[in-house]
Amino acid sequence: GESVGLHLPTLSVQEGDNSIINCAYSNSASDYFIWYKQESGKGPQFIIDIRSNMDKRQGQRVTVLLNKTVKHLSLQIAATQPGDSAVYFCAQKTSYDKVIFGPGTSLSVIP
Amino acid sequence: AAGVIQSPRHLIKEKRETATLKCYPIPRHDTVYWYQQGPGQDPQFLISFYEKMQSDKGSIPDRFSAQQFSDYHSELNMSSLELGDSALYFCASTLLRPGNTIYFGEGSWLTVV
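So the protein sequences, as listed, match chains A and B. Per the working numbering, residue 1 is the first one in the first sequence, and the count goes up by one each step. Per the working numbering, residue 1 is the first one in the second sequence, and the count goes up by one each step.
There may be inaccurate statements among the hints.
[Claimed, not checked] Label-pair ranges, simulated between beta-carbon atoms:
#1 A/Asp17 / B/Arg16: 45 to 55 angstroms
#2 A/Ser12 / B/Gly38: 18 to 28 angstroms
#3 A/Ser12 / B/Thr20: 22 to 32 angstroms
Read the hints as simulated data drawn from the structure, not as lab findings. Even glycine gets a Cβ: it sits at the ideal position worked out from N, Cα and C.
So here's chain A without its partners, still in its complex pose (with noise of 0.2 angstroms):
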């Protein structure tokens, strides 16, 4: 079956410093990888996406790396600031489906 998780459930960083959130997934078939930030009560807000043909993409502040031979997903925050403390998802979606999300991880930024 298809599935997303995570390697480390929670991450604490020191205000400036850059944060790494890593993922595995099973599904070799999807098409995109997404990063979902969640704040506490709120909905998951999409952060940055990045296609199963690119290993690469840049945001504003974010970075996603996509490994597809060891299926591995990252996602690196530079800079991380107070407001980047919230639960991040990793998703995988194909073209035409659902978003399936993996256990989150909690990221506390001290300041």
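Position chain B against the provided structure of chain A, taking the given hints into account.
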């Protein structure tokens, strides 16, 4: 920009009662998804609709049903509520094209007592 609107935001029901959650997708979006998120869990897919027709079904209990109306809003109906149904219910929408982002609403908190 308009987002996915869900109502009510909070709902308290007793066991065996019925609850209805509503979702208003982003304008011009043709697809709606429903997810359930238990405490400390990742969101689990329940059901989806494309152009008012059910397009996919996940781990939705038989006690639950949903539909999408002509104005594209959707409703999730939950009957014979159980304590385990207490969760955050998300609706999401998209314009079903490859690469298009799925946007989530802020969720409806259902507490069953």
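Here is what the structure says about each hint:
no., hint, in the structure
1, A/Asp17 / B/Arg16: 45 to 55 angstroms, "51 angstroms, holds"
2, A/Ser12 / B/Gly38: 18 to 28 angstroms, "24 angstroms, holds"
3, A/Ser12 / B/Thr20: 22 to 32 angstroms, "41 angstroms, violated"
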